[in-house]
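Undergrad: If you want the building blocks of each chain, they are given just below.
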Amino acid sequence: MISVWDYVISFLVGGFICFLGQILVIRTKITTARILVLFLVIGMVLEVFNIYAPFKEFAKAGASVPIIGFGASLARGAIMAAKEYGVIGIFTGGLTATAGGISMAIFASFLFALIFSSKTKKGGH
Amino acid sequence: MDKEKRNVNYNIYVESKIPKTKAWPSLFKAFLVGGIICAVGQGFFDLYSHLFPNLAESEVTSCMLMSIIFLTCFFTGIGIYDVVGAWGGAGSVIPITGFSNSISSPAIEFKKEGIIYGICVKMFTIAGPVIVCGVVGSIICGFIGLFI
Numbered sequence: 262m263i264s265v266w267d268y269v270i271s272f273l274v275g276g277f278i279c280f281l282g283q284i285l286v287i288r289t290k291i292t293t294a295r296i297l298v299l300f301l302v303i304g305m306v307l308e309v310f311n312i313y314a315p316f317k318e319f320a321k322a323g324a325s326v327p328i329i330g331f332g333a334s335l336a337r338g339a340i341m342a343a344k345e346y347g348v349i350g351i352f353t354g355g356l357t358a359t360a361g362g363i364s365m366a367i368f369a370s371f372l373f374a375l376i377f378s379s380k381t382k383k384g385g386h
Numbered sequence: 463m464d465k466e467k468r469n470v471n472y473n474i475y476v477e478s479k480i481p482k483t484k485a486w487p488s489l490f491k492a493f494l495v496g497g498i499i500c501a502v503g504q505g506f507f508d509l510y511s512h513l514f515p516n517l518a519e520s521e522v523t524s525c526m527l528m529s530i531i532f533l534t535c536f537f538t539g540i541g542i543y544d545v546v547g548a549w550g551g552a553g554s555v556i557p558i559t560g561f562s563n564s565i566s567s568p569a570i571e572f573k574k575e576g577i578i579y580g581i582c583v584k585m586f587t588i589a590g591p592v593i594v595c596g597v598v599g600s601i602i603c604g605f606i607g608l609f610i
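Sequences listed follow chains A and B, in order. Take the position in the first sequence, starting the count at 1, then add 261; the result is the number in my numbering. Take the position in the second sequence, starting the count at 1, then add 462; the result is the number in my numbering.
Keep in mind that the hints were calculated from the coordinates and are not lab data. All C-beta atoms, glycine included, are put in the ideal place defined by N, C-alpha and C. One should not assume that every hint holds.
Claimed, not checked - Cross-link-like lysine-lysine pairs, in silico, BS3-like; alpha carbons within 25 angstroms at most:
hint, chain 1, residue 1, chain 2, residue 2
1, A, 290, B, 479
2, A, 290, B, 584
3, B, 574, B, 584
4, B, 584, B, 573
5, B, 467, B, 479
6, B, 465, B, 479
Unchecked claim - Distance windows between CB atoms, simulated:
hint, chain 1, residue 1, chain 2, residue 2, range
7, B, 466, A, 368, 48 to 58 angstroms
8, A, 376, B, 545, 32 to 42 angstroms
9, A, 372, B, 517, 19 to 29 angstroms
10, B, 464, A, 376, 50 to 60 angstroms
11, A, 348, B, 517, 21 to 31 angstroms
12, B, 475, A, 289, 31 to 41 angstroms
13, A, 353, B, 519, 52 to 62 angstroms
14, A, 372, B, 548, 16 to 26 angstroms
15, B, 540, A, 264, 31 to 41 angstroms
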């Protein structure tokens with residue numbers, strides 16, 4: 262069931278998306294928050310135009326691990342819930358679909374912030 | 463000394479002091495780091511779909527993302543992710559690990575200002591815009607969903 266091709270295509274597509282991001286970084290000196298927001302919005306647009314699902318079918322984790330996948334599941338959650346529950350779904354759908362990721366990010370950050378203290382910064386963000 | 467000339471000279475000075483990112487090596491590094499993170503994600507995806515065959519694909523994806531996010535927070539805590547970030551540039555930002563790092567890094571950094579005003583407030587300095595744009599965008603998408 263596990264195929265090597267899935268890993269190769271994840272590596273290539275995921276790498277290529279980061280490659281595009283790095284071009285932006287070099288050309289425009291864009292900040293971390295702006296990159297994240299930009300790619301999140303790209304993911305939403307792809308989902309609204311029904312391009313994301315076939316893309317994910319093709320690229321596997323190469324599509325779902327980049328923040329594009331996060332934007333797409335926010336959009337998909339809201340669209341699905343809007344169709345099922347009407348107006349209330351518009352407001353509940355997006356965060357319901359991504360609750361796992363956001364909760365884990367906040368919980369784990371809080372936990373490790375209590376455990377570890379900052380070391381001397383070696384660059385990065 | 464006239465002001466205009468001074469400004470021009472100052473700009474030249476600033477340009478010479480800004481660290482230059484070498485284009486091709488940094489593009490290659492971003493590709494490599496981003497690709498490896500996505501391949502690791504695929505590994506978790508295969509592991510969970512093997513362990514829990516009853517889960518739907520979206521749930522397995524969610525479990526996979528949660529595992530990567532947890533690991534990234536841990537690696538940020540022990541100081542490894544900063545090194546990866548300095549080396550890999552956008553390759554460490556664009557995967558969901560970058561989102562996770564953008565929450566855990568300021569949380570750990572500002573711990574010394576206290577739990578409420580340090581950790582809890584500063585946690586969202588970079589991730590705040592992402593969550594706000596995400597929620598607003600998803601509501602707009604939901605409105606579109608009502609009509610399609």
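Undergrad: How does the Cβ-Cβ distance of residue 348 of chain A and residue 517 of chain B compare with 21 to 31 angstroms: does it lie in that range?
TA: At 30 angstroms between Cβs, range holds.
Undergrad: Does the beta carbon distance between residue 475 of chain B and residue 289 of chain A stay inside 31 to 41 angstroms, or does it fall outside?
TA: Cβ of residue 475 of chain B to Cβ of residue 289 of chain A: about 22 angstroms, so the range 31 to 41 angstroms is violated.
Undergrad: Given the range 32 to 42 angstroms, decide if the beta-carbon distance of residue 376 of chain A to residue 545 of chain B lies inside it.
TA: violated (19 angstroms)
Undergrad: So the hint says 52 to 62 angstroms: do the beta-carbon atoms of residue 353 of chain A and residue 519 of chain B match that?
TA: violated (22 angstroms)
Undergrad: If you check the beta carbons of residue 372 of chain A and residue 517 of chain B, does the distance land in 19 to 29 angstroms?
TA: holds (25 angstroms)
Undergrad: Taking 25 angstroms as the top limit, are the C-alpha atoms of residue 290 of chain A and residue 584 of chain B close enough?
TA: holds (23 angstroms)
Undergrad: For a C-alpha distance cap of 25 angstroms, please report whether residue 290 of chain A and residue 479 of chain B respect it.
TA: holds (15 angstroms)
Undergrad: That 50 to 60 angstroms hint for residue 464 of chain B and residue 376 of chain A (C-beta), does it hold up?
TA: holds (57 angstroms)
Undergrad: For the pair we were handed, residue 465 of chain B and residue 479 of chain B, check the Cα-Cα distance against 25 angstroms.
TA: With Cα atoms ~21 angstroms apart, residue 465 of chain B and residue 479 of chain B stay inside 25 angstroms; holds.
Undergrad: Can you tell me whether the CB distance of residue 372 of chain A to residue 548 of chain B sits inside 16 to 26 angstroms?
TA: holds (24 angstroms)
Undergrad: Is the hinted pair residue 584 of chain B and residue 573 of chain B satisfied, with a Cα-Cα distance of at most 25 angstroms?
TA: holds (9 angstroms)
Undergrad: Do the alpha carbons of residue 467 of chain B and residue 479 of chain B lie within 25 angstroms of each other, as the hint requires?
TA: holds (19 angstroms)
Checked against the numbered hints listed earlier, the structure breaks hints 8, 12, 13; every other hint is satisfied.
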